[in-house]
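Using the sequences and the hints, build the whole thing.
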Amino acid sequence: MGQITLQDVQKSFGPVHIIKGADLDIADGSFVVFVGPSGCGKTTLLRLIAGLEDVSGGKILIDGKNVVDTPPAKRGLSMVFQSYALYPHMSVRGNIGFGLKMAGLSKDETNRKVEAAAATLNLTPYLDRKPRELSGGQRQRVAIGRAIVREPKAFLFDEPLSNLDAALRVQMRIEVTRLQKQLGTTAIYVTHDQVEAMTMADKIVVLNGGKIEQYGSPLQLYEKPANLFVAGFIGSPKMNFVTGELARQQGAATIGVRPEHLKIERDGTGGWQGTIAVAEHLGSDTFLYVDAGPLGMLTARYIGELSLHAGDHVSLVPEPARIHRFDESGNALRG
Amino acid sequence: MARKETTQRVVISTIGAWFFGFLIFFPILWMVLASFKTELEAFAIPPSFLFFHWTTENYVTVQERSDYLHHAMNSIIIAGGSTLIALLIAIPAAWSMAFSPTKRTKDILLWMLSTKMMPPVGVLVPIYLIYKSFGLLDSRIGLVFILCLGNLPIVIWMLFTYFKEIPRDILEAARMDGATIGRELVYVLTPMAIPGLASTMLLNLILAWNEAFWTLNLATSDAAPLTTFIASYSSPEGLFWAKLSAASTLAIAPILVLGWFSQKQLVRGLTFGAVK
Numbered sequence: 001m002g003q004i005t006l007q008d009v010q011k012s013f014g015p016v017h018i019i020k021g022a023d024l025d026i027a028d029g030s031f032v033v034f035v036g037p038s039g040c041g042k043t044t045l046l047r048l049i050a051g052l053e054d055v056s057g058g059k060i061l062i063d064g065k066n067v068v069d070t071p072p073a074k075r076g077l078s079m080v081f082q083s084y085a086l087y088p089h090m091s092v093r094g095n096i097g098f099g100l101k102m103a104g105l106s107k108d109e110t111n112r113k114v115e116a117a118a119a120t121l122n123l124t125p126y127l128d129r130k131p132r133e134l135s136g137g138q139r140q141r142v143a144i145g146r147a148i149v150r151e152p153k154a155f156l157f158d159e160p161l162s163n164l165d166a167a168l169r170v171q172m173r174i175e176v177t178r179l180q181k182q183l184g185t186t187a188i189y190v191t192h193d194q195v196e197a198m199t200m201a202d203k204i205v206v207l208n209g210g211k212i213e214q215y216g217s218p219l220q221l222y223e224k225p226a227n228l229f230v231a232g233f234i235g236s237p238k239m240n241f242v243t244g245e246l247a248r249q250q251g252a253a254t255i256g257v258r259p260e261h262l263k264i265e266r267d268g269t270g271g272w273q274g275t276i277a278v279a280e281h282l283g284s285d286t287f288l289y290v291d292a293g294p295l296g297m298l299t300a301r302y303i304g305e306l307s308l309h310a311g312d313h314v315s316l317v318p319e320p321a322r323i324h325r326f327d328e329s330g331n332a333l334r335g
Numbered sequence: 001m002a003r004k005e006t007t008q009r010v011v012i013s014t015i016g017a018w019f020f021g022f023l024i025f026f027p028i029l030w031m032v033l034a035s036f037k038t039e040l041e042a043f044a045i046p047p048s049f050l051f052f053h054w055t056t057e058n059y060v061t062v063q064e065r066s067d068y069l070h071h072a073m074n075s076i077i078i079a080g081g082s083t084l085i086a087l088l089i090a091i092p093a094a095w096s097m098a099f100s101p102t103k104r105t106k107d108i109l110l111w112m113l114s115t116k117m118m119p120p121v122g123v124l125v126p127i128y129l130i131y132k133s134f135g136l137l138d139s140r141i142g143l144v145f146i147l148c149l150g151n152l153p154i155v156i157w158m159l160f161t162y163f164k165e166i167p168r169d170i171l172e173a174a175r176m177d178g179a180t181i182g183r184e185l186v187y188v189l190t191p192m193a194i195p196g197l198a199s200t201m202l203l204n205l206i207l208a209w210n211e212a213f214w215t216l217n218l219a220t221s222d223a224a225p226l227t228t229f230i231a232s233y234s235s236p237e238g239l240f241w242a243k244l245s246a247a248s249t250l251a252i253a254p255i256l257v258l259g260w261f262s263q264k265q266l267v268r269g270l271t272f273g274a275v276k
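So the protein lines, in turn, are chains U and Z. Reminder that position 271 of the first sequence reads as 271 in the UniProt record's numbering, one-by-one numbering, no gaps. Reminder that position 200 of the second sequence reads as 200 in the UniProt record's numbering, one-by-one numbering, no gaps.
Just so you know, these hints were derived from the structure itself, not from any lab.
Below 30 angstroms or equal to it, Euclidean Cα-Cα: the simulated DSSO-like pairs (lysine-lysine) are:
id : chain 1 : residue 1 : chain 2 : residue 2
1  : Z       : Lys116    : Z       : Lys106
2  : U       : Lys130    : Z       : Lys164
3  : Z       : Lys103    : U       : Lys59
4  : U       : Lys101    : Z       : Lys164
5  : Z       : Lys103    : U       : Lys20
Bear in mind that the values here come from a model prediction, so they are computed numbers and not experimental data.
And the structure:
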C-alpha cells in the first residue's frame, strides 16, 4: 500500500513561505508528477514528504497515518536523487544493498535481493564496480536499484533524468515508467520538464510560487487548464494568448489558443493576419512564428511539412471550440 | 585558441621549473652538505660545494654530546599526541559546522582563525606563569596541550572545507536508507573523508614537529623535543655550523621520510575538491 495524502502542508524558511498550504490525494499505485518552473517549491514538497525537511504546518498521511514526526527511514519511502547520490567508496552491490544492511537483513537475503534488483535493471555485470567506473545512465540505474530493493510504499524521484543527455533521457523515461507499472508502487516524480510530466504521469500537479495550481490527468490539464499559468505551462510550443478587443468579443479578459489549433491559410482574408518571422521545418511538424501586428507574436503548428517561409503572408484561423477563455484574475471561464 | 606546446616552450618551462625547484630545496641541501663538512670548511668563504673533505664526525659528536633518541621520542609524543587530540576535537566540531551550520558558524570560524593572528610572544608571560603554577613546565603533557590548542584552528578549518565538499545528497540518501547518525559517520562519511583526514593529520604533524617557540620556552630537558636539540648547537659556546647542520638533519629526517612516503596522499588531500 502506498496512499499519500497532504492536508494543508506548509513550509517556510524564516519569513519566506515556500509551500503555502498544499492539499493533495495520491492514490495507491499511481504515478504522480510535480511540475513547475524553478523555485516553485516542487522539490521542497517532495523533501517534506520524504522527511528530509520538517513541515511548518499541516499533515502528511501515508496509508492514513500522520508521519510528520516520523524520521525519513521509518516512513517506508525511497528516494532517487538528481545527483544520483551514490556512495562513491562502495561497489554497486554495496550501494544497492546498503539500505538492507541498515535494516539488519542477513547477508544471504541481502545478496539475493540485490541480485534480483540488479537483474531487473540490467546491472548484473557491473555489481562489483565502483560508481566512478559507470556511465551516467548506469549510475542512474544503480540509484533506482537502491530505491526498488527496499520494496518501499512509494518512490520519490527528484529530477532523476536531468543530468542525462537527451537520447538517454527518453530511454530512461520509458524504463522508469515501465518499471513503475510492473512493480505497481506509488511514485512521485519531480521535474521541470513538461514533456516528461505529460508522458510519464497518471496525474500531474502543477506548482507555481508554492501553490498547487491544478491537479489532474495530463489530458485534463491540456484540454481544461484551470488558469493562465497552467495553460501557458502545459503544452509545447506554448499556448498563444490574446488580450484586448478580440478577447472582449468572446466575453473574456484573455483568450488562448494552442498552436496546433490554429488553421493556417495562405493568403487568406479571415482570421488573424500576419507575416511569418521564422519558419521551422522538422519534417514531422512545421512551426511558424507569425508577427500578427497588434496581436503580437503568434505560434502556429502544422502536422507534416508545409512549404511556407519567412516573409510569407498568412492568416491564422482559431478552431472556435478550442478557444480557452480567462477572466481578469487569470482563471478559466467555462461554458 | 589553445596554447601552442612548442619544443622550445617545453624546454624553457622545464628548465625554469627545475631551477625554482632547486632554489626551494637548496637550504635543505646546503644543510645536509654542511653536516658532512668540518667546522672550518662549513665557515669557509668562498664555500665549497661538493669538493671538500667528507666526514661523519659531526654526527658522532652530536650523538655523544646529546641524547638524540630522548629528544626524538619527545618529538614523537608531543607531535603525535597533540595531533591526535586536535583531530578528536576537530572532527565533531568541523562535522557539525559543515552539516548543520547556524547563522553564526562563519563568525565562529573566523574567530577561531583570529586566535592565530595573535603573536604567541604576546601571551608568553601569562602562559609561562600558568604553567609554572600547575607544574606543567618542561612536561610532555604541557607541550601536547599548548601545541594542540595552537594548531586546532587550522585543523578545524581544513576539516571543515573537506567536509563541505561532501555532497549533502549522499548523507540524505544514507538517511533515507535508514542509517542512524552513528552509522552515517562510520559507513558513509568517514570513508569519504579519509584523504582530507590524512592530509590534515600530516600537516598538523609537521607543524607540531617543527614548532619552536613554545617548545623552546616551556621545555628545557625532560620534555625537550628535537627543536631544543637543534637550538643547543647555536649557543652558548659559539656557533657550530657543521654540528648544527648535523643536528638539524637528524631532526628533520623522520618527518621528511614520512612526508616523502605520503606526498601523494598529501597532494590529493590539499587539492581535494578542486576538480570534480
